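Start from the sequences and build out the full structure, keeping to the hints where you can.
There are 2 protein chains.
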Amino acid sequence: MKIIVDAFGGDNAPLEIIKGSLDAKKELGIDIILVGNENKIKECAKENELDIEGIEIIHTEEVFGMEDDPTSLTRAKSNTSMALGFKALKEGKGDAFASAGSSGGMVVGATLIAKRIKGVKRVAFAPVMPKADGFFMLCDSGANNECRPEMVEQFALMGSVYMNKVMGISNPRVGQANVGTEDHKGGQFQNECFKVLKENKDINFIGNIEARDIPFDAADVIVCDGFTGNVILKLYEGVAMAIVSKIKALFTKSLKNKLAAALVLGDMKEFKKSMDYNEYGGAPVLGASKPVFKIHGSAKAKTVKNALRLTKAFVESNIIKDIEESVKHTDIKE
Amino acid sequence: MKIIVDAFGGDNAPLEIIKGSLDAKKELGIDIILVGNENKIKECAKENELDIEGIEIIHTEEVFGMEDDPTSLTRAKSNTSMALGFKALKEGKGDAFASAGSSGGMVVGATLIAKRIKGVKRVAFAPVMPKADGFFMLCDSGANNECRPEMVEQFALMGSVYMNKVMGISNPRVGQANVGTEDHKGGQFQNECFKVLKENKDINFIGNIEARDIPFDAADVIVCDGFTGNVILKLYEGVAMAIVSKIKALFTKSLKNKLAAALVLGDMKEFKKSMDYNEYGGAPVLGASKPVFKIHGSAKAKTVKNALRLTKAFVESNIIKDIEESVKHTDIKE
Numbered sequence: 001m002k003i004i005v006d007a008f009g010g011d012n013a014p015l016e017i018i019k020g021s022l023d024a025k026k027e028l029g030i031d032i033i034l035v036g037n038e039n040k041i042k043e044c045a046k047e048n049e050l051d052i053e054g055i056e057i058i059h060t061e062e063v064f065g066m067e068d069d070p071t072s073l074t075r076a077k078s079n080t081s082m083a084l085g086f087k088a089l090k091e092g093k094g095d096a097f098a099s100a101g102s103s104g105g106m107v108v109g110a111t112l113i114a115k116r117i118k119g120v121k122r123v124a125f126a127p128v129m130p131k132a133d134g135f136f137m138l139c140d141s142g143a144n145n146e147c148r149p150e151m152v153e154q155f156a157l158m159g160s161v162y163m164n165k166v167m168g169i170s171n172p173r174v175g176q177a178n179v180g181t182e183d184h185k186g187g188q189f190q191n192e193c194f195k196v197l198k199e200n201k202d203i204n205f206i207g208n209i210e211a212r213d214i215p216f217d218a219a220d221v222i223v224c225d226g227f228t229g230n231v232i233l234k235l236y237e238g239v240a241m242a243i244v245s246k247i248k249a250l251f252t253k254s255l256k257n258k259l260a261a262a263l264v265l266g267d268m269k270e271f272k273k274s275m276d277y278n279e280y281g282g283a284p285v286l287g288a289s290k291p292v293f294k295i296h297g298s299a300k301a302k303t304v305k306n307a308l309r310l311t312k313a314f315v316e317s318n319i320i321k322d323i324e325e326s327v328k329h330t331d332i333k334e
Numbered sequence: 335m336k337i338i339v340d341a342f343g344g345d346n347a348p349l350e351i352i353k354g355s356l357d358a359k360k361e362l363g364i365d366i367i368l369v370g371n372e373n374k375i376k377e378c379a380k381e382n383e384l385d386i387e388g389i390e391i392i393h394t395e396e397v398f399g400m401e402d403d404p405t406s407l408t409r410a411k412s413n414t415s416m417a418l419g420f421k422a423l424k425e426g427k428g429d430a431f432a433s434a435g436s437s438g439g440m441v442v443g444a445t446l447i448a449k450r451i452k453g454v455k456r457v458a459f460a461p462v463m464p465k466a467d468g469f470f471m472l473c474d475s476g477a478n479n480e481c482r483p484e485m486v487e488q489f490a491l492m493g494s495v496y497m498n499k500v501m502g503i504s505n506p507r508v509g510q511a512n513v514g515t516e517d518h519k520g521g522q523f524q525n526e527c528f529k530v531l532k533e534n535k536d537i538n539f540i541g542n543i544e545a546r547d548i549p550f551d552a553a554d555v556i557v558c559d560g561f562t563g564n565v566i567l568k569l570y571e572g573v574a575m576a577i578v579s580k581i582k583a584l585f586t587k588s589l590k591n592k593l594a595a596a597l598v599l600g601d602m603k604e605f606k607k608s609m610d611y612n613e614y615g616g617a618p619v620l621g622a623s624k625p626v627f628k629i630h631g632s633a634k635a636k637t638v639k640n641a642l643r644l645t646k647a648f649v650e651s652n653i654i655k656d657i658e659e660s661v662k663h664t665d666i667k668e
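As you go down the protein sequences, you meet chains A and B in turn. Take the first sequence: its position 241, counted from the start at 1, is 241 in the numbering used here, and no numbers get skipped. So the mapping is simple: the numbering used here equals the position in the second sequence, first residue as 1, plus 334.
To be clear, the hints were calculated from the coordinates, so they are not data collected in a lab. Misleading hints may appear alongside valid ones.
[Stated by the list, open to error] In silico lysine-lysine, BS3-like type, Cα no more than 30 Å apart, as pairs:
hint : chain 1 : residue 1 : chain 2 : residue 2
1    : B       : K587      : A       : K269
2    : B       : K568      : B       : K580
3    : A       : K258      : B       : K582
4    : A       : K93       : A       : K165
5    : A       : K302      : B       : K587
6    : A       : K115      : A       : K258
7    : A       : K273      : B       : K634
8    : A       : K87       : A       : K25
9    : A       : K328      : A       : K185
10   : A       : K185      : A       : K198
11   : B       : K519      : A       : K121
12   : A       : K25       : B       : K519
13   : A       : K246      : B       : K582
14   : B       : K590      : A       : K253
15   : A       : K26       : A       : K46
16   : B       : K607      : A       : K273
17   : A       : K93       : A       : K253
18   : A       : K248      : B       : K449
19   : B       : K449      : A       : K246
20   : A       : K246      : B       : K606
21   : A       : K19       : A       : K2
22   : A       : K185      : B       : K603
Since we're looking at a predicted model, the values are computed, not measured.
Written out as structure tokens, the structure reads:
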């Protein structure tokens, strides 16, 4: 298996991307193609004593920036590392493409370069996230600020396929993120989505999920428009960070507290890990006709490696066909 | 000062409501009118050895249930304790009304019985919430699932008055909850709100707030539509609860961990308190022509007392006039 990686996407490119890719190559037994400035990649590797022997490089000097208009990816910015990564994927040079670069760029590249799966209305970010015990998927978490109900229906179908085939959850329970659990909760949009989700017999729809229950065992796939999903994703991370920083402060407050910290150090680390959504490395971009993975923008080497582990599982699961099959019966609503 | 309290609203009514009201009477030096079944109140007080001497009671046998259609409050359910509480407020029998009952009922009662302040388009829930250091207001947190930009503009104005006059924040910074900090972020609705918020010179608008930054020092007043606000409010609580339960499990896992827990017990309690949004007791209902306070539905006596402390501050601040003044210049958009 060969995964194409954008060496110049994300806050910590290229060093952490290269490092994580090399670790993934070694640990996961995959081949890597790095896309980006060859000289800089080689220089960076040399400076940091990284062995990039056997790593293929697709050279370009251009980078797709966070401030770039996403739609420019296929036009003025079509020679950037992100655009060339998508192009290489399209041409079959690798089995998947992963980048920690601009989310907007990833949506455009997945849609217009890799192209959508037949019948898929919109690609969606579908991160797997930690909960009190286990994990769940949130879809869409930010690719589409504004959605139509039939798009949310497809998020449910695509997410169910992924959770089943990649994460091993049989008959995933799908819930709609909402302001209460009753059927009529939410605004007109949520009411319309509820109807569509309930009527589709291919979806194991369990109803509305109150946001308070999301971190518990509310559902396996939680669907919503991308605006709501992005707020959930980021607030989830923010609240956890705020609490962890408070606990850290507490444990260094006094000698007595430092002693207590020493006693629970191992368990605390495990706890932190269990709440860390970086453990999942980012989000698969569901709906593209080839496996595409959005790595966290702030990813360091370990997160990049985790993301590539999930990308590998994405490729191995062979779900593109399953997703095409799953959305077939939704087409009539177009 | 006299506060009218719905003795039969919320999950723990009437006992915890009565207890909290009595504690508030004693600690805050306020008078209380309880609304609800007089026999049951007296029985409950007797059984629990509570002294309700000097507490006025407005008797009714009917209760407004969580499953009741909010609009029925002024019609079929106009003889419930919630409806009569609003009526008593309207008639000047007390200075404020507080209830832990149905949120929908509270919105209807504040709008149709207490009536809105002149010029106010919609009443809004505006809870004060804990952040990493200090507190912020979230408005609207669930009164209006669907909003127009001029409503969000008023949330900003009303929230600023409250944070200034009740919470003592001078020139409160207002931010819009969004999926990123850049001006153009979000969908059409957020873009329109951004424009309106930016153009109003009475609002100290600092731009868009990414959900990740909400638990930190992002802004003093965070505005959004009530759907988004409710998701934020409830997820905030859910994530905190999930983490606290994980920490609890960690500290009871082994003898060594229990020892550590004993060492940090006091600080842990303080930490838990600092993250507990029940400390703020609920949410003022901004925009009603008299002070109305929504107590948390799950409130126990302590939370009820905290809510009544904030209700007292709401009355003392005398902000109804200030709110009317603040929204005056928004009327032209009707």
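Hints, verified against the model:
no., hint, result
1, B:K587 to A:K269, "holds (14 Å)"
2, B:K568 to B:K580, "holds (18 Å)"
3, A:K258 to B:K582, "holds (18 Å)"
4, A:K93 to A:K165, "holds (24 Å)"
5, A:K302 to B:K587, "holds (29 Å)"
6, A:K115 to A:K258, "violated (54 Å)"
7, A:K273 to B:K634, "violated (34 Å)"
8, A:K87 to A:K25, "holds (22 Å)"
9, A:K328 to A:K185, "holds (29 Å)"
10, A:K185 to A:K198, "holds (14 Å)"
11, B:K519 to A:K121, "holds (22 Å)"
12, A:K25 to B:K519, "violated (37 Å)"
13, A:K246 to B:K582, "holds (15 Å)"
14, B:K590 to A:K253, "holds (20 Å)"
15, A:K26 to A:K46, "holds (18 Å)"
16, B:K607 to A:K273, "holds (24 Å)"
17, A:K93 to A:K253, "violated (54 Å)"
18, A:K248 to B:K449, "violated (47 Å)"
19, B:K449 to A:K246, "violated (42 Å)"
20, A:K246 to B:K606, "holds (10 Å)"
21, A:K19 to A:K2, "holds (17 Å)"
22, A:K185 to B:K603, "violated (35 Å)"
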